[in-house]
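Participant: I would like the entire structure built from these sequences, with the hints used as guidance.
So the protein sequences, as listed, match chains A and B.
Just so you know, we're using the numbering used here here: the first sequence kicks off at 1 and counts up by one.
Just so you know, we're using the numbering used here here: the second sequence kicks off at 1 and counts up by one.
By construction, these hints were calculated from the structure, which means they are not laboratory data.
Some hints here could point you the wrong way.
For identical chains, the list gives no copy identity; a pair is met inside one copy or between any two copies.
Said to hold, decoys possible - Capping the alpha-carbon separation at 25 Å, the derived lysine to any residue pairs in SDA-like fashion look like this:
#, residue 1, residue 2
1, 390, 458
2, 61, 46
3, 507, 122
4, 165, 215
5, 390, 319
6, 390, 529
7, 507, 603
8, 107, 122
9, 612, 573
10, 612, 529
11, 375, 474
12, 612, 519
13, 521, 40
14, 612, 574
15, 521, 500
16, 64, 512
There are 2 protein chains.
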Amino acid sequence: MNYISALPLNQVRFTRGFLAERVRLVREVVIPYQWEALNDRVAGAEPSGCVHNFQVAAGEKPGKFYGLFWQDSDLAKWIEAAAYRLATHADAALEAELDRLIATLAKAQGADGYLNTYFQLVEPQNRWANLRDCHELYVAGHMIEAGVAHFQATGKRTLLAVVRKLADLIERTFGLGPGQIPGYCGHEEIELALVKLARATGETRYAQLAAYFIDQRGQSPNYLMEESRRRADPLPWHMYFDGLATLQAARPVRELTEPVGHAVRQMYLLAAMADLAHELGDASLVRSCHTLWSSLVSRHLYITGGVGSEPYGEKFTEPFDLPPDRAYSETCAAIGVIFFARRMLDLELRGEFADVMERSLYNNVLSGMSLDGTKFFYVNPLELIPAVAKRRYECHLVKTQRVGWFGCACCPPNVARLFASLADYVASLRPDGIALHLYAESDLRFTVGGAEVKFALRTDYPWTEEVAIEVRPAAPLEFTLQLRIPGWCRGATLAINGQSQPLAPVKGYAVLRRVWQPGDKIFLTLPMPIERVRADPRLSTAAGKVALQRGPVVYCLEEPDNGANLAAVTLPRTASLTARRDATLLGGCVVIEGQGVRVQPSPSLYTTTPPKTEALSLRAIPYGLWANRGEGEMRVWIQES
Amino acid sequence: MNYISALPLNQVRFTRGFLAERVRLVREVVIPYQWEALNDRVAGAEPSGCVHNFQVAAGEKPGKFYGLFWQDSDLAKWIEAAAYRLATHADAALEAELDRLIATLAKAQGADGYLNTYFQLVEPQNRWANLRDCHELYVAGHMIEAGVAHFQATGKRTLLAVVRKLADLIERTFGLGPGQIPGYCGHEEIELALVKLARATGETRYAQLAAYFIDQRGQSPNYLMEESRRRADPLPWHMYFDGLATLQAARPVRELTEPVGHAVRQMYLLAAMADLAHELGDASLVRSCHTLWSSLVSRHLYITGGVGSEPYGEKFTEPFDLPPDRAYSETCAAIGVIFFARRMLDLELRGEFADVMERSLYNNVLSGMSLDGTKFFYVNPLELIPAVAKRRYECHLVKTQRVGWFGCACCPPNVARLFASLADYVASLRPDGIALHLYAESDLRFTVGGAEVKFALRTDYPWTEEVAIEVRPAAPLEFTLQLRIPGWCRGATLAINGQSQPLAPVKGYAVLRRVWQPGDKIFLTLPMPIERVRADPRLSTAAGKVALQRGPVVYCLEEPDNGANLAAVTLPRTASLTARRDATLLGGCVVIEGQGVRVQPSPSLYTTTPPKTEALSLRAIPYGLWANRGEGEMRVWIQES
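Facilitator: If you want it as structure tokens, here you go:
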């Protein structure tokens, strides 16, 4: 399992509703589609070369390596997603396809366990020679995650054996012992993968290896700096401002107090730190995780749950520097926020972690995939004027519409594996019961003290406020059910079997301990008024503006609803706003409507005469669903008037 | 003379006041300081190498070329500025220094007339081989401007002879004739220089050569494209978005409808087009100039009079894309706006041209130089948070404080030559009299129909509203005096000899035709209320904000007066503002003060509770004087509340 407290994937069945639809889409459309993309069979999309590379490395076909150093990782993430699918939905054809692919991978693997088609086919002499840039251990990490997922889904050890051989090679190769390389990867990922491998195999040496990578990172003498010197290789362009801090490698990780550098790397590092803090009971890592969490959410988090505001190097910058148009907010980085948050829930059950997990999921991550599951965003801005984005250099990585694949295609399979394993994020098993984090219509199954319990959770969340849970133990059973009361929610109410219950959440969770009877009915109401959210004024680009939020869903204005030039659209302080369910729009969602004001163009560029305005029927849609109606303007932060 | 209607420099004497002080500063401090810089004698500043390069090329000392392809142009601009100084203030030592320098230049010049130390010392085999990138004709243009200025100031033909020889070489080399190169320079400048040379020497062939460069630009087959192919040299990084349009060379100049590409180049091209439109009576060029002027001022001009909003390539982008923090607004580009505007006044006397000239001068150009004349800005943002500017790539060319010199030091000597020739911009001689554009305290001397007239202009403009002019013809004389009534001014009043006069400006000028008596006294009042200026809402980054302006002066908030985090400072719609003369602040200026509001930091990054605020004594200072009190935040566009 991915998280120590998570329910096994096959014990959560998403039945219907908003998240269930995404899970189904990933299962039925995205995973097959991406298999086509990885086999270079999608017309019009950038080629992948992933399967091709392994076939060449296995000697199954002639040819040359195609792509980037880390190309293999796209396939690894897809295998992981496909394995999650098998865990919940038997599919003999897919399983056979995976078996064939894994056979190819096994054939491609070197006798010593090495597996990386770029270095096998292109630079065999340079293995482990450029840890700073070449992502070898990162790719290995994704391969290990895939092997663990495949084993857990199918019980087969075919890929697990491959990745164990690879991990064993890494264990022999890296470390502070004689003849070992005292290095670590420029792009974190191997660390969290090794913890998964330790948990799946019961071999703590893999967790120790992860701990080595975490502990050695940024120590003096600095391995990556020495390695750069050895190659006479100056720091590359993306390290222009921050040097080795771009890779969280300028100093030991326990000394970090603000997230820094490449956002995905920082989040993967934090996820691994939280994992190891738990696994090894490392109090200093626990402290570091809390410090960095606190900085992350109070100074570096977009309202959409995204992180990384600097396209140049895909990085964190200064506290509160979160411009909407230059938001990088990479899909993978928001997924990394979810990874980190979920692991923090394993360190401490606190609603704030689940709040952020939910924010990133419903907003930034959803934005990363089109409604039909075949197109993806890598960059997720909070404001877009297409003509400007196409002309300004700092926006040159922004796509104004989602695309079918990317030359660097880290994000699409990352979305796939996240939704395919969404069950991991729904609940935490506790020694005395269970805690529910995400409210998505689902049937859950788990055991408490050896006794099985089923939950039937019924809701139209995030569109409606009501969550109904029928508790079905086989026989009356005492356990603690903790229900998350979201941080955005005020005035939640709870009834059990029609009887109103006092609600005094502890760390963001309502704690219900009782002897549960088969058929007990819980009815939770989470009021979702439309909120006008303001940013701390130190977030300078949002000054004078509000964002609309309802429940966990952040809204945006889009051109199809409100016309172009959205900067001219203002929301009067006194305007009343209403939420309306629209069953047909964007696959069905709640829109926010009200009377806005549009400022008319001026007679000259600058003027001292007050602007003319006209009334405007304003409509906001969920940010996660933007850009599904053609290219146009969008903005989250709306001028208040 | 630089402009066909300009008074000779020695017929305008700036006596005292705000502009006079800058003119004095340039004369007494900046020009000597820059001579030190050009000789690499300023400690702590980036080296120049300019004088050194010529000495090496002349064989006067051993050594290697230092700097960029266009290094010579820094020196040329300084010579031009120094010559302007000699035109108004005799200075035997400076004149002798120039004589020595010019002797060196003459010695460095090749027998065929070629003069460019980079190509002479580094790549003699590659003369004229890379017109796209290497600025050879641009450097020649500055040399020609210097030669004309030196001749006009001193009557000496030493440098004029050098640059004529150079221009003659260019005339032989370039054109559509057999054996000639059908090319033109990637960086415009030679064109306007050749018009000056034609006017100074009376030889229209130089204007014809300028016309060739203008007419050939962007024609098919495209010379620069062919040249790139010949060198197998792909387009460089700064042409990433716009290709040859970066150099205004994608199509013939008469087909341009929006300013495009590198802002300085576009402005120099427009200046030359206006010159030639006048010189050759070319109606199609006149039309193009008006079209591009109109687009420039209605869609591409910062409120500070700056242009170029994209640092990457120092370029124009989309209409209304004028972000304040990423404003490039290069000092040279604003000077280019002034060059273009002044020439448009020669095409048509219309106040709008002078309004923009004044806006660029008092705001963007003034910002380019420190109060003490020894430090300079290349980039002039309208909003600065120093810590953020130092971390974000798109701001990496922003200096948070002015510096002593630049590796690419185009701007400092450009400021010097502009202020040293400020007399050019004050007035236009007319067949029937004179038109006054800029109100700076000065004594003017000119002739109308052979009779000399003197003006004593007394004012504290731009701080005070009153302009007094005593008209002193030798004897009663009929002529037309046109006085500009600025576009920003409403309710101007005029009295002659104490008698109020009706005021009905024609195209922005009060037209006073009468028989002027010695001692006639004109009293012009130009009301300067504090204005809250709003931008067209299509200028999205200024939505909901106002800029403060009084007279021609645009104001900004600075950290020393208002604390940090200026995004949190708002100006209530109802706040009354007062202007106060402060004789000691920033060399003496008018500040704007009033009751503002500061939004307090929130308890969390995003909040639904209305923000706490506190009253703030707000003070705005003239934008042109910012950054003279250490590093800190600044912003022009202020949130209105």
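Participant: Taking the hints in turn, state whether each one holds.
Facilitator: Hint check results:
With identical chains, the CA atoms of residue 390 and residue 458 are never at most 25 Å apart, being 44 Å at best within one copy and 51 Å at best between copies. Proximity of residue 61 to residue 46 under the C-alpha cut-off of 25 Å is restricted to the intra-copy arrangement: shortest distance 22 Å within a copy versus 58 Å between copies. In this assembly of identical chains, the alpha carbons of residue 507 and residue 122 never lie at most 25 Å apart, being 53 Å within a copy and 71 Å across copies at closest. Taking the shortest alpha-carbon separations for residue 165 and residue 215, only the intra-copy value of 23 Å comes in at or below 25 Å, while the best inter-copy value is 70 Å.
Taking the shortest Cα distances, residue 390 and residue 319 sit within 25 Å of each other only across copies (13 Å), while inside one copy they are farther apart (27 Å). Proximity of residue 390 to residue 529 under the C-alpha cut-off of 25 Å is found in neither arrangement, the shortest distances being 37 Å within a copy and 40 Å between copies. For a Cα distance limit of 25 Å, the shortest separation of residue 507 from residue 603 across copies, 18 Å, qualifies, whereas the shortest one inside one copy, 55 Å, does not. With identical chains, the CA atoms of residue 107 and residue 122 are at most 25 Å apart within one copy only, with a shortest distance of 17 Å there and 57 Å across copies.
Within a single copy, residue 612 and residue 573 get their C-alpha atoms as close as 18 Å, and across copies as close as 16 Å, so both meet the 25 Å cut-off. In this assembly of identical chains, the alpha carbons of residue 612 and residue 529 lie at most 25 Å apart only when taken from different copies (22 Å versus 32 Å within one copy). In this assembly of identical chains, the alpha carbons of residue 375 and residue 474 never lie at most 25 Å apart, being 44 Å within a copy and 82 Å across copies at closest. For a Cα distance limit of 25 Å, the shortest separation of residue 612 from residue 519 qualifies neither inside one copy, at 61 Å, nor across copies, at 49 Å.
In this homomeric assembly, residue 521 and residue 40 never come within 25 Å of each other (Cα to Cα): the closest approach is 50 Å inside a single copy and 84 Å across copies. For the identical chains of this complex, residue 612 and residue 574 are neighbours both inside a copy (19 Å) and across copies (18 Å), given an alpha-carbon limit of 25 Å. Taking the shortest Cα distances, residue 521 and residue 500 sit within 25 Å of each other inside one copy (12 Å), while across copies they are farther apart (90 Å). Taking identical chains as interchangeable, the C-alpha atoms of residue 64 and residue 512 are never at most 25 Å apart, the minima being 60 Å within one chain and 83 Å between chains.
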